[in-house]
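Undergrad: Read off the chains here:
Number of protein chains: 2
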Amino acid sequence: MARTTFEEISAADFFYRNREIAGFTNPSRAIFAAVRELIENSLDAAETLKIPPDIYVRLSFADEAGLETGVYTLRVEDNGIGILPRHIPSAFGQVLYGSKYKPKQQRGTFGLGGKMAILYGQITTHQPARIISSTGMSKIYAYKLRIDIQRNRPLILDRKVLINKERWRGTIVQFSLEGDYGRAMPKILEYFKQTAMVNPYANLTFVDPKGRLYKFTRVTEEMPDPPRETLPHPYGVDVELLQRLIQVTPFRSMLEFMKNHFHRVGEITANKFLKFSNISPSKNPKKLSHGEVVRLMRMLKKFGEFLPPDASCLSPLGEELLRAGISKELKPEFVAVRQRRPSAYAGHPFIVEAAVAYGGEIPRRGSFLIHRFANRIPLLYDEASDVSTIVMNNMNWRRYKVTPDMPIVIAVHICSTKIPYKTVGKEFIADRPEVRREIANGLREVARRLQRFLTRKEHAHTEQKRLDIFTRYLPKIAKFSTQLAGKDKSPDIKRLLRSVKRFGT
Amino acid sequence: MARTTFEEISAADFFYRNREIAGFTNPSRAIFAAVRELIENSLDAAETLKIPPDIYVRLSFADEAGLETGVYTLRVEDNGIGILPRHIPSAFGQVLYGSKYKPKQQRGTFGLGGKMAILYGQITTHQPARIISSTGMSKIYAYKLRIDIQRNRPLILDRKVLINKERWRGTIVQFSLEGDYGRAMPKILEYFKQTAMVNPYANLTFVDPKGRLYKFTRVTEEMPDPPRETLPHPYGVDVELLQRLIQVTPFRSMLEFMKNHFHRVGEITANKFLKFSNISPSKNPKKLSHGEVVRLMRMLKKFGEFLPPDASCLSPLGEELLRAGISKELKPEFVAVRQRRPSAYAGHPFIVEAAVAYGGEIPRRGSFLIHRFANRIPLLYDEASDVSTIVMNNMNWRRYKVTPDMPIVIAVHICSTKIPYKTVGKEFIADRPEVRREIANGLREVARRLQRFLTRKEHAHTEQKRLDIFTRYLPKIAKFSTQLAGKDKSPDIKRLLRSVKRFGT
Chain D
430 MARTTFEEIS
440 AADFFYRNRE
450 IAGFTNPSRA
460 IFAAVRELIE
470 NSLDAAETLK
480 IPPDIYVRLS
490 FADEAGLETG
500 VYTLRVEDNG
510 IGILPRHIPS
520 AFGQVLYGSK
530 YKPKQQRGTF
540 GLGGKMAILY
550 GQITTHQPAR
560 IISSTGMSKI
570 YAYKLRIDIQ
580 RNRPLILDRK
590 VLINKERWRG
600 TIVQFSLEGD
610 YGRAMPKILE
620 YFKQTAMVNP
630 YANLTFVDPK
640 GRLYKFTRVT
650 EEMPDPPRET
660 LPHPYGVDVE
670 LLQRLIQVTP
680 FRSMLEFMKN
690 HFHRVGEITA
700 NKFLKFSNIS
710 PSKNPKKLSH
720 GEVVRLMRML
730 KKFGEFLPPD
740 ASCLSPLGEE
750 LLRAGISKEL
760 KPEFVAVRQR
770 RPSAYAGHPF
780 IVEAAVAYGG
790 EIPRRGSFLI
800 HRFANRIPLL
810 YDEASDVSTI
820 VMNNMNWRRY
830 KVTPDMPIVI
840 AVHICSTKIP
850 YKTVGKEFIA
860 DRPEVRREIA
870 NGLREVARRL
880 QRFLTRKEHA
890 HTEQKRLDIF
900 TRYLPKIAKF
910 STQLAGKDKS
920 PDIKRLLRSV
930 KRFGT
Chain R
430 MARTTFEEIS
440 AADFFYRNRE
450 IAGFTNPSRA
460 IFAAVRELIE
470 NSLDAAETLK
480 IPPDIYVRLS
490 FADEAGLETG
500 VYTLRVEDNG
510 IGILPRHIPS
520 AFGQVLYGSK
530 YKPKQQRGTF
540 GLGGKMAILY
550 GQITTHQPAR
560 IISSTGMSKI
570 YAYKLRIDIQ
580 RNRPLILDRK
590 VLINKERWRG
600 TIVQFSLEGD
610 YGRAMPKILE
620 YFKQTAMVNP
630 YANLTFVDPK
640 GRLYKFTRVT
650 EEMPDPPRET
660 LPHPYGVDVE
670 LLQRLIQVTP
680 FRSMLEFMKN
690 HFHRVGEITA
700 NKFLKFSNIS
710 PSKNPKKLSH
720 GEVVRLMRML
730 KKFGEFLPPD
740 ASCLSPLGEE
750 LLRAGISKEL
760 KPEFVAVRQR
770 RPSAYAGHPF
780 IVEAAVAYGG
790 EIPRRGSFLI
800 HRFANRIPLL
810 YDEASDVSTI
820 VMNNMNWRRY
830 KVTPDMPIVI
840 AVHICSTKIP
850 YKTVGKEFIA
860 DRPEVRREIA
870 NGLREVARRL
880 QRFLTRKEHA
890 HTEQKRLDIF
900 TRYLPKIAKF
910 STQLAGKDKS
920 PDIKRLLRSV
930 KRFGT
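Chain order of the listed sequences is D and R. In terms of the working numbering, the first sequence has 810 at position 381, counting the first letter as 1, and numbering is strictly consecutive. In terms of the working numbering, the second sequence has 497 at position 68, counting the first letter as 1, and numbering is strictly consecutive.
So here's chain D without its partners, still in its complex pose (with noise of 0.2 Å):
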């Protein structure tokens, strides 16, 4: 008889069975993930400490591999926070295990990507990863690790501690891997240029494996602030983080449970709420019942008069930094940008900055052209499927005048505690209601701007038009004037010609 066997297989093995929906697709998109993974934890690390990154990557040529692939040594060095020895063999050597797991704005969002690439490294090359880690005290971690996959856990291979004269502090992580790089190259480059425009305060190195050395150097040592834990916001909860939050909290009454472990609820709005829901202020939230935690989930969504999340732990760009990186890597005629107001979707509060940079050295394509960004990194990849591009390409451009063969980049920033990827390999947003309204209304304002441009550029030009035409006739008329009077001086035109100005050009 048929029968069904049953196994149970770790988080590693998931994931390594499933590489492709964390992005490792294939040769070539392996080896952008590894490099991007990598790059998004170095910001994240440095963000931290509120230090504009540094942030130097090489890519160098191992051996030869398959027909198409080559073995590549992947290097990357940081002046993060650094991370305490304890927590480096399960910070990149299990899967599940990491400092992300947040209600916070951060690059990385599943705690997965840099242990990806070393699984990645590890399954195509059988190399192990080399960590070397300081948090800038006295001394210097090195560790020589390998992931066991079927149990999900580090196997430590070495373990050496420097001594840190220099107080660096940092991370270094290097591993080899099997790569595609000719065909991942451009996507590689892209990466990094976008990268900078949205990072405007990092210093980016590049050692690709021909050796070429792309620098991005950074324009401004001004960064924002670093994005801030935040408290889960009643919208958004459900009774699972319920039953967490009384399973921990130290509070022994409904009204300090509420107002202590939920985002924008004070005392005043704790005991409104409690009131609305009736429930006494003083009941105990240990001793709440099943039922009485599920209906305290609904009533804390019913409840309209909570105040929206606060935006003030988000750390969006900056029309002024975002202005900075579009014109130093697109260097546009024009550059419109626009920060919305803060909203929120699921509790989640989250801001969009929009963008269009027009002329200069933008080229012409026949179709717009958009640059995707989510918490200050570049999206590249299922571009289709992507709310932005919904947006975009559900916009009535003509009632701006823009059209698709304009020299047009339009570029949308998201910054969220909680970005709404539709792929653990964080290619592209979903389409939510609250954010695609967002977009569009940043869009739109944008676009308003663009348009106010083009007329004013047309107005000139056709002003330009009109007094070429007068400054060629007048003084041939003027001098006729002065000839048919019999005169013998032709009356000054410049006057004239002044008065015919419309506007100043």
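Quick caveat, the hints were computed from the structure, so don't treat them as lab data. Be aware that one or more of the hints could be misleading.
Which copy? The list can't say, so a pair holds if one copy fits it or any two copies do.
[What the hints assert, rightly or not] Pairs of lysine to any residue, SDA-like flavour, derived with a Cα cap of 25 Å:
#	residue 1	residue 2
1	K704	R641
2	K589	F435
3	K731	T502
4	K531	A775
5	K704	L496
6	K479	T649
7	K715	I585
8	K731	R612
9	K715	R580
10	K830	I791
11	K644	I561
12	K704	F909
13	K731	G611
14	K704	H555
15	K529	R580
16	K529	S439
With chain D fixed as given, assemble chain R onto it according to the hints.
TA: Relative to chain D, chain R alone:
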């Protein structure tokens, strides 16, 4: 000083925090995902035994929840293989525990969907799930359980053993969840319709929250052969897999190791390969060094003489069944179906089936409508990024005299031991060149046949017009000529009419 805090989370916790990536994006998508995941498990469970599936799905309204959402109870009953009692709790209450972790064509691939549905129900309603199952032996087992998300373990609340007098076999899953049925309804009905299309041997019954009954009755009892589990193909292996095989192999020589653990490797191929890679056939695989294992992996990929994956482990629908399914659900005037020959990507065999349906009850839409299927399930979301959509959009349909204003439905079915999904929610398929090529060839073939049909149709039309003219004027001419010749009886023009007929219309 800023500090980074690390934590370890369970697999259940990971998917609880990131339910969007598994398809549970919002209340509407969640209810759709829950229905589809359970149906797909049921279809797999019946197919394992090659029994025509009988699946009963009931969704009933239980309570108000939010403004647009309600609490629903979902019940799915099947006549599948059933689950042994010792596996029931983990199969429904533990993430990354399941029967789908093997190289075999199955609807489920991540072993995640059913648990995610139950987990989602739990966090939105806090109700336990009920599972009733029997393998058709003397007893029926009924469980009431919950998932301990933080520990990723099932919590058994109740367990009953019943006597199975009627030797019932199958599984019943019932649980509550919050959802937005109003918004999900069109997608759910479309899902049933398309599922019926590619599973024409299944009976599907759906009772919706308003008590409306939807019945999709089988048109055939004939079922394709059930898919079989297969060995890994040498082109698809990595170091991790080799290490695992070496760990478990009972064979003491490389020759036996190669012959017994790989797909399509027999004595001759094994010997050839070992000679090619300069490995002694008598070498003990357990004695291979790390370096030798890596070398073995590279040699496996380099050796050009392995036979391509054998698709006999796959179970495509077949042209007849696909035609029957499409004819039944779409009632078109014309259908062309085409099963491509087996192909492979990264060692995974796959088969593409393509179809185009024209006219009849298919409405005109102004653009092509595509139905995408993978291992006999319809894919309904994120169409824009799917490989089939990309191929369809890039195809030069005008070459086949086909235009978007025609009433046309295109269908693509991919079956494989490993569908290259891009998302855990199984929304769309990655753009693999090998897959893309097969789809393109399949679509071209059916497009050519459609073209022939359209040409014939046009000719028939022209011919009819031509015949109409002859039929109208020949009798008149005959009559006139008869009179002119002074005869009484007109000649028989029927023979004449037959002779001008060009095609058998």
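Undergrad: All the hints need checking, so say for each whether the structure fits it.
TA: Structure-based check of all given hints:
no., hint, verdict
1, K704 <-> R641, "neither (67 Å within a copy, 40 Å between copies)"
2, K589 <-> F435, "between (42 Å within a copy, 22 Å between copies)"
3, K731 <-> T502, "between (54 Å within a copy, 21 Å between copies)"
4, K531 <-> A775, "within (16 Å within a copy, 37 Å between copies)"
5, K704 <-> L496, "between (70 Å within a copy, 20 Å between copies)"
6, K479 <-> T649, "within (13 Å within a copy, 67 Å between copies)"
7, K715 <-> I585, "between (42 Å within a copy, 22 Å between copies)"
8, K731 <-> R612, "between (52 Å within a copy, 20 Å between copies)"
9, K715 <-> R580, "between (36 Å within a copy, 20 Å between copies)"
10, K830 <-> I791, "within (18 Å within a copy, 38 Å between copies)"
11, K644 <-> I561, "within (23 Å within a copy, 63 Å between copies)"
12, K704 <-> F909, "neither (91 Å within a copy, 101 Å between copies)"
13, K731 <-> G611, "between (55 Å within a copy, 19 Å between copies)"
14, K704 <-> H555, "between (62 Å within a copy, 24 Å between copies)"
15, K529 <-> R580, "both (22 Å within a copy, 19 Å between copies)"
16, K529 <-> S439, "both (20 Å within a copy, 14 Å between copies)"
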